[in-house]
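Chemist: Next come the chains, spelled out residue by residue.
Protein chains: 2
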Amino acid sequence: MNLTYRLATEADLPEIVSMLADDKLGATRETFQEPLPMAYLEAFRSITNDKQQELTVVEADGVILATFQLTFIQYLTYRGSIRAQIEAVRVKSTHRGQGVGTELFQYAIQRAREKGAHILQLTTDKKRPEAKRFYISLGFVDSHEGMKLAIS
Amino acid sequence: MNLTYRLATEADLPEIVSMLADDKLGATRETFQEPLPMAYLEAFRSITNDKQQELTVVEADGVILATFQLTFIQYLTYRGSIRAQIEAVRVKSTHRGQGVGTELFQYAIQRAREKGAHILQLTTDKKRPEAKRFYISLGFVDSHEGMKLAIS
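Chains as they are written, first to last, in my numbering: chain A, 1 to 152; chain B, 1001 to 1152.
Just so you know, these hints were derived from the structure itself, not from any lab. Errors might be hidden in some of the hints.
Unchecked claim - Straight-line Cα separation of at most 20 Å, DMTMM-like style, residue types lysine to aspartate or glutamate; simulated pairs:
(1) B:1051 with A:50
(2) A:148 with B:1042
(3) A:148 with B:1103
(4) B:1148 with A:15
(5) A:126 with B:1050
(6) A:126 with B:1103
(7) B:1051 with A:42
(8) B:1051 with B:1114
(9) A:132 with B:1142
(10) B:1115 with B:1142
(11) A:148 with B:1087
(12) A:51 with B:1050
(13) A:127 with B:1130
(14) B:1126 with A:125
(15) A:132 with A:114
(16) A:148 with B:1142
(17) B:1132 with A:142
(18) B:1127 with A:142
(19) A:115 with B:1142
(20) A:148 with B:1114
(21) B:1148 with A:142
(22) B:1115 with A:42
(23) A:115 with B:1050
(24) B:1132 with A:125
(25) B:1148 with A:50
(26) A:148 with B:1130
(27) B:1148 with A:130
(28) B:1115 with A:142
From just these sequences and the hints, can you work out the full model?
Modeler: Right, dumping it as structure tokens:
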């Protein structure tokens, strides 16, 4: 497949949300309906107005197959380093198991390097062991615990 | 102790870096010397110019005892939610075991709520089991793996 990558536009939003919802965990978290709940549009604008965020769509022949979000975070640690964080990675259910995820990560790694990041990081739910195996296969190390506290 | 919280200024930077370096893992990562390497100042300015970041110092009687960094990240997931991420948490070695960390987290949780975050998250190195126990005691759940990929 010849994949292309571009920043998402508002017109892509329904397709992106439908991918986020089309997943065993995502189905309980998202509300995919037309018109989309306004909260998604507001969140989208907030993301695209933030220079440290990139919401990307992956296409083949003009059709969206996948999405991911990169956030670049400046820290003082490691002598003033930047980390790239990747979240909300989804490949359309009809196109899984075809190497799209691997190519997507190669692109994300390259993009993170361009932005000067020394680490690419993510957290993955322990209820998704297959996802962890995939990240290990890409070279990620499970050196950290990902701790979450619900505060609302 | 009567702790107060404020955003860090450039004048606090040597004190903050000395705390980051005064730690078994931090010692190998940081360079604390006067004058500080310029990379820290550049990183500091990048953090303070970013509306989604807050680098905070904790004081008692005008003396800095601790520091932490909050990042607010807008996502589409969970119907357009904001997550707060806390990193670079350090309590001065002379003041550990006195409840400063617990109070610091109570403040950070309140601040994250004010910013509309529904989750406060962090990753903690598996080589710091005592840190994980502390986060569990605060109510954090170790539901995720924190995966890191060195890219430079």
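Chemist: Could you run down the list of hints and mark each one as holding or not?
Modeler: Each hint tested on the structure:
1. B:1051 with A:50: Distance ~9 Å between residue 1051 of chain B and residue 50 of chain A Cα, so the pair holds.
2. A:148 with B:1042: 30 Å, violated
3. A:148 with B:1103: Roughly 18 Å between the alpha carbons, so the hint for residue 148 of chain A and residue 1103 of chain B holds.
4. B:1148 with A:15: Since the Cα atoms of residue 1148 of chain B and residue 15 of chain A sit roughly 29 Å apart, the hinted pair is violated (cutoff 20 Å).
5. A:126 with B:1050: Status violated; Cα separation ~32 Å.
6. A:126 with B:1103: 29 Å, violated
7. B:1051 with A:42: 17 Å, holds
8. B:1051 with B:1114: 14 Å, holds
9. A:132 with B:1142: 15 Å, holds
10. B:1115 with B:1142: Status violated; Cα separation ~23 Å.
11. A:148 with B:1087: 13 Å, holds
12. A:51 with B:1050: Holds, at roughly 9 Å.
13. A:127 with B:1130: With a Cα-Cα distance of about 24 Å, the restraint between residue 127 of chain A and residue 1130 of chain B is violated, given a limit of 20 Å.
14. B:1126 with A:125: Within the cut-off at roughly 16 Å; holds.
15. A:132 with A:114: It is violated: about 25 Å lies between the C-alpha atoms, which goes past 20 Å.
16. A:148 with B:1142: 7 Å, holds
17. B:1132 with A:142: 15 Å, holds
18. B:1127 with A:142: Holds - the C-alpha atoms of residue 142 of chain A and residue 1127 of chain B are around 11 Å apart, at most 20 Å.
19. A:115 with B:1142: Status violated; Cα separation ~30 Å.
20. A:148 with B:1114: 18 Å, holds
21. B:1148 with A:142: With a Cα-Cα distance of about 7 Å, the restraint between residue 1148 of chain B and residue 142 of chain A holds, given a limit of 20 Å.
22. B:1115 with A:42: Given that 20 Å is the threshold and the Cα spacing comes to 15 Å, the pair holds.
23. A:115 with B:1050: 16 Å, holds
24. B:1132 with A:125: Given pair residue 1132 of chain B, residue 125 of chain A holds - Cα atoms ~17 Å apart, limit 20 Å.
25. B:1148 with A:50: 24 Å, violated
26. A:148 with B:1130: 17 Å, holds
27. B:1148 with A:130: The hint holds at about 17 Å.
28. B:1115 with A:142: 30 Å, violated
In terms of the numbered hints stated before, the structure departs from hints 2, 4, 5, 6, 10, 13, 15, 19, 25, 28, listed from lowest to highest.
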